[in-house]
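Colleague: Generate coordinates for the entire structure from the input sequences, incorporating the hints supplied.
Each residue of the sequence shown is one higher than the last, beginning at 1 in UniProt numbering.
If you are wondering where the hints come from, they were derived from the structure by calculation, not from laboratory data. Among these hints, one or two may not hold up.
Unchecked claim - Label pairs and their computed distance ranges (CB to CB):
#, residue 1, residue 2, range
1, Arg89, Arg22, 32 to 40 Å
2, Lys166, Asp85, 15 to 23 Å
3, Ala25, Ile63, 26 to 34 Å
4, Arg114, Arg146, 37 to 45 Å
5, Gly147, Ser50, 19 to 27 Å
6, Glu143, Glu107, 33 to 41 Å
7, Arg46, Arg14, 12 to 20 Å
8, Arg89, Ile63, 13 to 21 Å
Just so it is clear, the structure is predicted and the values come from calculations on it, not from any experiment. Think of the CB as a built atom: it goes at the ideal place given N, C-alpha and C, for glycine as much as any other residue.
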Amino acid sequence: MAGIRERKKQRTRRALIEAALRLFAEKGYEETTLAEIAAEADVSTRTFFSYFASKEDVLLHDIQTRMERTIAIVARHAPDEPLPDLLMRIVRDALDQVAGDEDYDAEEARLRIRLVTTVPGLQARALRMVFANQLRLVQALEESYRGRLGMVEAAAAVGALAGAAKLAIVASVERGDSMEEALDAALRAAEISVRGLGSLTT
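Modeller: Encoded structure:
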């Protein structure tokens, strides 16, 4: 019974996301109301607030979940695992999540990128989230490699890796590439970045 309820919740959540994105594309982000999103998904506004606190949360719905998974990977890694290997494992896991997401759509990804880069409120919120999550990852790596990796080195590793992979996937999606091409671009960018990080730990 719990499984049925969970699947229903997942369908409702996905319906709200799809409804919001359709309306954002048709009407514009700032012109779309929460009530309109709820109506488009055939649920009440009260139900909307059971899943999301705001329109921003709908658009940025997966950022925190993915970061929690990344932090868990760092926490569970073997003590003798080289930092470059761990970093590439994190990247591959993140890309595998996208590749395995049956709801992923390249056109939807392009819309999300366009909105985040053009709507000032969304841009500010996304930047705050990205900065906070990267700081969490820096702290997790420093703790995990205590005595071998300092704060500056951890920050350099996270900044280089995240910057390379994210910029590559955004540029690829904006160019109109397929999901597979965008993920491959991110992986190649990450590999290039990680090659220079081998000397950070001993």
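Colleague: List in ascending order the numbers of the hints, as given earlier, that are violated by the structure.
Modeller: Hints 3 and 5 are the ones this structure does not satisfy, whereas the remaining hints hold.
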